[in-house]
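Chemist: Sequence:
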Amino acid sequence: MGTLPKRKDIPPWVKVPEDLKDPEVFLVQTQLLEAMFGPGGSRIPYIEQVSKAMLELKVLESSNFTQVVVYGNYMYKLRTKWMLQSMAERHRLRQERGMLRLEQAMNALELDPSMK
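Going by our numbering, the first residue of the sequence shown is number 242, and it counts up by one from there.
There's no promise every hint is true.
As the list claims (entries may be wrong) - The following label-pair restraints were derived from C-beta to C-beta distances:
hint : residue 1 : residue 2 : range
1    : N314      : R284      : 16 to 26 angstroms
2    : G339      : S283      : 50 to 60 angstroms
3    : E351      : L298      : 39 to 49 angstroms
4    : G339      : Y287      : 21 to 31 angstroms
5    : E351      : K249      : 11 to 21 angstroms
6    : P258      : L343      : 47 to 57 angstroms
7    : E259      : L343      : 41 to 51 angstroms
8    : P280      : F306      : 16 to 26 angstroms
9    : R338      : K249      : 20 to 30 angstroms
10   : Q290      : E351      : 47 to 57 angstroms
11   : W323      : W254      : 15 to 25 angstroms
12   : R331      : P280      : 14 to 24 angstroms
To be verified - DSBU-like cross-link-like pairs, simulated, lysine-lysine; straight-line CA separation at most 30 angstroms:
hint : residue 1 : residue 2
13   : K249      : K293
14   : K249      : K262
15   : K249      : K299
16   : K293      : K262
17   : K256      : K293
18   : K299      : K262
19   : K256      : K299
Hints were generated in silico from the structure; no laboratory data involved.
We treat Cβ as the ideally placed atom computed from N, Cα and C, and that holds for glycine.
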């Protein structure tokens with residue numbers, strides 16, 4: 242990424258411009274965002290403060306993924322990326338288990354899963 246983020250409220254722990262170069266980037270399923278970041282991203286400021294990093298979310302068009310961009314000191318951004326990827330995986334697995342339990346319950350009731 243050659244351009245600096247367009248965000249106006251860069252946290253004080255992020256050093257401009259050196260911490261804004263070479264961000265860590267990864268994809269998260271858009272449906273998991275609320276579970277990870279709270280309604281409307283309400284937990285993002287807290288996550289940024291605790292992790293000493295800056296986050297930027299970019300919804301990808303024609304995809305059900307959102308790009309998460311992590312800026313900051315090298316070690317902080319790597320740790321933050323790892324933490325967020327772990328959170329996403331945990332929420333994805335919980336969602337998957339919930340769907341499996343729902344399917345098992347429907348089978349126990351002898352309901353057709355295609356019926357809604």
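Chemist: Now look at each hint and say whether the structure bears it out.
Modeler: Here's how the hints hold up against the structure:
Look at N314 against R284: about 21 angstroms separates their beta carbons, and that is inside 16 to 26 angstroms. A hinted range of 50 to 60 angstroms for the beta carbons of G339 and S283 is inconsistent with their spacing of about 23 angstroms. The beta-carbon spacing between E351 and L298, approximately 43 angstroms, falls within the hinted interval of 39 to 49 angstroms. A hinted range of 21 to 31 angstroms holds for the C-beta pair G339 and Y287, which are about 26 angstroms apart.
Range check, E351 to K249: Cβ separation about 57 angstroms, and the 11 to 21 angstroms hint is violated. At roughly 49 angstroms, the beta-carbon separation of P258 and L343 lies within the given 47 to 57 angstroms, and the hint holds. At about 48 angstroms, the CB distance of E259 to L343 agrees with the hint of 41 to 51 angstroms. At about 20 angstroms, the CB distance of P280 to F306 agrees with the hint of 16 to 26 angstroms.
With their beta carbons about 40 angstroms apart, R338 and K249 fall outside the hinted range of 20 to 30 angstroms. Range check, Q290 to E351: Cβ separation about 51 angstroms, and the 47 to 57 angstroms hint holds. Take W323 and W254: their Cβ atoms lie about 18 angstroms apart, and the range 15 to 25 angstroms holds. In this structure the supplied range 14 to 24 angstroms holds for R331 paired with P280, their Cβ-Cβ distance being about 19 angstroms.
Proposed proximity of K249 and K293 is supported: the alpha carbons are some 17 angstroms apart, at most 30 angstroms. At roughly 16 angstroms between alpha-carbon atoms, K249 and K262 fall within 30 angstroms of each other, so this suggested pair holds. Taking the CA atoms of K249 and K299, the gap is near 16 angstroms; set against the 30 angstroms cutoff, the hint holds. Using a Cα cut-off of 30 angstroms, the hinted pair K293 and K262 holds, with the two alpha carbons roughly 15 angstroms apart.
Proposed proximity of K256 and K293 is supported: the alpha carbons are some 11 angstroms apart, at most 30 angstroms. Restraint check: the Cα-Cα separation between K299 and K262 comes to about 17 angstroms, which is no more than 30 angstroms; the hinted pair holds. This hinted pair checks out: K256 and K299 have alpha carbons roughly 22 angstroms apart, not beyond 30 angstroms.
The structure fails hints 2, 5, 9 (numbered hints given earlier, in ascending order).
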